[in-house]
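Quick mapping for you: the protein sequence lines, in order, are chains A and B.
Read in order, the letters of the first sequence are residues 1195 to 1528 in the numbering used here.
Read in order, the letters of the second sequence are residues 1195 to 1528 in the numbering used here.
No wet-lab data here; the hints were simulated from the structure.
In this text the structure is predicted, and so the values were computed from the model without any measurement.
Some hints could be false.
Note: identical chains are not told apart, hence a pair may lie in one copy or across any two.
Stated by the list, open to error - Computed cross-link-like contacts, BS3-like style, restricted to lysine-lysine with a CA-CA straight-line distance of at most 25 Å:
1. K1433 x K1336
2. K1454 x K1229
3. K1201 x K1336
4. K1201 x K1335
5. K1433 x K1453
6. K1433 x K1251
7. K1201 x K1251
8. K1454 x K1201
9. K1229 x K1201
10. K1453 x K1251
11. K1311 x K1454
12. K1454 x K1336
13. K1433 x K1335
14. K1433 x K1454
2 protein chains.
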Amino acid sequence: MDTITIKDIARALNLSTSTVSRALRDSYEINPETKRLVIEYAERLDYRPNPIALSLKENRSRVIGVIVPQIANNFFSQVINGIEAIAYNRGYNVIIFQSHESFERELLTVQQAVTRKADGLLISLSSSTSDVSHLRTLQEKKLPIVLFDRVSAELDLPCVTADNFAGAFAATEHLIQTGRRRIAHVTIPPYISITQERLAGYRAALEQYGIPYVESLVQYAGFGQYEVEPIIDDLLSQKPDAFFAASDRLALGCLAALKKRNVAIPETVSLIGFTNTPVADLLAPPMSTVEQPALEIGQTAAEQLIDLIEDKPKKPKPGTVRIPTRLHVRTSTQ
Amino acid sequence: MDTITIKDIARALNLSTSTVSRALRDSYEINPETKRLVIEYAERLDYRPNPIALSLKENRSRVIGVIVPQIANNFFSQVINGIEAIAYNRGYNVIIFQSHESFERELLTVQQAVTRKADGLLISLSSSTSDVSHLRTLQEKKLPIVLFDRVSAELDLPCVTADNFAGAFAATEHLIQTGRRRIAHVTIPPYISITQERLAGYRAALEQYGIPYVESLVQYAGFGQYEVEPIIDDLLSQKPDAFFAASDRLALGCLAALKKRNVAIPETVSLIGFTNTPVADLLAPPMSTVEQPALEIGQTAAEQLIDLIEDKPKKPKPGTVRIPTRLHVRTSTQ
DNA sequence: TTAAAATCCGGCAACGTTCCCGATAACGTT
DNA sequence: AACGTTATCGGGAACGTTGCCGGATTTTAA
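Just need the whole structure built from these sequences, with the hints factored in.
Structure (C-alpha cells):
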C-alpha cells in the first residue's frame, strides 16, 4: 500500500526527482557521491520503480496477452508453460484470456487485451472463428501478433504450429504399415487450420499407399460433451479397422466410446490419437499417439513475439514455424 | 498504436478534457446535448479509456496475481480456469506466475506481482516453502491475499482448499471396507498443509477401524521425475495390500511403477489416488480417486479475493473454506 | 431590481516517471 | 579579463485521466 516513490527519496535527501531518477539509472552527469547516497537509500527502503507510471510514459506495458480456447487443457497449459518461461526470462508478464471456443468471446478478449495495452498478442483461434477481420485490424495497427496451433492462412502473420501434416502422415502410415486399410478419421471442426493440415497428411499417406480415400470415413466432431458417441456408431457401421483421432479430447473420447461398445483394441480396430496426454502409457490399452511439442511451441511463439515487440528485424517474417511431432507406438495399434 | 484519448475528443469538439471526461461518465452537470455529441464521437472513434492512466491515478490495477507451483498440471489449470471465470465477470484480469516448486522463485514472483501493482494475490505455496515471512510482510501492508490448496496455518489469511481430511478419510475408509489392512500412504513433502491434512484423515480412518498406524508405511516423495520408484520398492518389501497416493502425480507414478513390477491391481494391492485427472476411467485398471473440486476452489478463492479487494466486509474472515471432495470407486480398489 | 441559485464548462493539479532545457558554479583557455 | 567547458543539479512538461475549484452565463426567487 505505502510504496515508496522517487519523490520520497528526493524529499529525504533534499534532491530533485530528476536527480534521483538519473542517479538510479546511473547517469554520467550525477556526482558519484550523490549516486551512492541515492542508491543506498533506495536499497534500504526497497524502492521499485512503478511499472504503471513507466507504462504510461513509455506507452508499453511489458505484458503479453495470451488468448487460448481453454486453459484447462493439457496441450494449452503446456504451451502456456513454455510462454511463461520465455516471458519471465525476458522481463515480460503474461495475461491469460480464454475464448471458450466462442467467436464472440474471442472478439471481446482480443479487445480486452488491446485496451489493456498488451505489447503483443499470442493467439490460438477458437474453433468457431472463421472470420479473422478483428485480427486483421490489429495487424494494420502494427500490433505484434503471433498465432500458434490454431492458425489462419488468411492472415499474413507469423505462426508456430506442430508439423500437423507430417504428424498425421506418420500416424496414418503407421496404421497402414500395421496392416490397416479402412482407416476412420475423427477430427475437429473444419474451419481450423490444424484440421485441414491433419486431414491432408492423412490423405497423402492413403494416396502414397494406394488406398482409396472414403469421404464417409472422415467425421467432424464439435466440442460438446457427448458428440463423439453418435459419430463412433456411424463409423463403426462402416466396419473400419482403425481410428485416427485428430485431438487429445477426441482420442480419449474414442477410446471411451469403443471400450463402452466392447470393441477390441487393437484386435478389431486400432486407435491412434493426436494428443499430449502424459498418461497414454497407462491407459487400457496403452494408446499410440502423435505427440505435439506443446512446450516448445509456446517457447518458440513467445520468442518470436518478443523479438517482434522489441523490433529485432533479423528474420524476414512472417512465416510458419513447424515444430516436429513424435510418433509413439503403443499397444493400441499393435 | 494510434489509440485515441480524451484529449483527441476534446480537441475535435472544442471542449476541455474535463468536460469530455464528465460527459463520458454521464455527469449531471453536463448539457445533454454536449453529452450526446461527446458520446457519439467517442463511439464513432471507438474510444476506450486507458486503464494504465486509470491505474496510476486510482492506485489500483484491476489485475489479480495468481501464483501456482505449475501451470501445466491438471489441478492447477482447472483452478486457474475457475479463477479466470470469476475475474472476467467482475472486471479483473489475471496475471499468472509459476514458482516451479522453488522457494526462491516464489519469493521473486511474489515480489514481481507486488511491483506490478496487482490488487490482490491468489497463492498456492510451493512445496519447498516452509518460511512464510514474505507473505506476512504483505499481509501487514494490507495487501489482499487468499491462499488456496497449499495453504499455511501460520498465516492469518483466508484459505480455500479441498476438504483434504474428509477426502483422505473417505479414501482410507473405503480401502478398509474393501478388506484392506496394510495401507501404504505415498505422499508429498511434509511442509505443505495438504500433506498434513490428508495424513490426518488417513490416520483417523485407521484409528476408527482399530488398525494400527505403521509409520514406515507412510513415505514422502519429492517432485523429482523418478523419485517414486525406490519408494514403491521400499513399500512393497513391507507387503502392503493397498496404496493411497496423496496427489495426482503420485497416483499415476504409483500406477506406472506397480504395473512395471507386475503387481496385480487390485488383486495384490489396491490403489486409490487423490487426483483430478479426467482419464481415471480409461486407465488400466480404471483407478479409484478422490476428486478435488478444482474449478470450484478457483472460483471460491477468486470471489473471496475480489470481495476483499473491494472491501466488502460482510464476513468476518479470515477462515478456511473447505470444498467437499468426491470419492470415485473404480476397479483399482475392487 | 437585485441577490441567489442553478447550469454548464474550463483550468489546474495530481498519480510516478523520464527527458529536455536551463542554471550555477568552478575551472581552464586565450 | 572575458569567454567557453565541464560537472552537477533543478524546473517543468508530458504520458491519460479525474476531481476540485472557480468562472461565466442564465434562470429563479425575493
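Verification of the hints:
no., hint, in the structure
1, K1433 x K1336, "neither (52 Å within a copy, 66 Å between copies)"
2, K1454 x K1229, "neither (74 Å within a copy, 64 Å between copies)"
3, K1201 x K1336, "between (36 Å within a copy, 22 Å between copies)"
4, K1201 x K1335, "between (36 Å within a copy, 20 Å between copies)"
5, K1433 x K1453, "within (16 Å within a copy, 33 Å between copies)"
6, K1433 x K1251, "neither (66 Å within a copy, 67 Å between copies)"
7, K1201 x K1251, "both (17 Å within a copy, 16 Å between copies)"
8, K1454 x K1201, "neither (69 Å within a copy, 65 Å between copies)"
9, K1229 x K1201, "within (15 Å within a copy, 38 Å between copies)"
10, K1453 x K1251, "neither (60 Å within a copy, 60 Å between copies)"
11, K1311 x K1454, "neither (49 Å within a copy, 52 Å between copies)"
12, K1454 x K1336, "neither (52 Å within a copy, 54 Å between copies)"
13, K1433 x K1335, "neither (52 Å within a copy, 67 Å between copies)"
14, K1433 x K1454, "within (17 Å within a copy, 35 Å between copies)"
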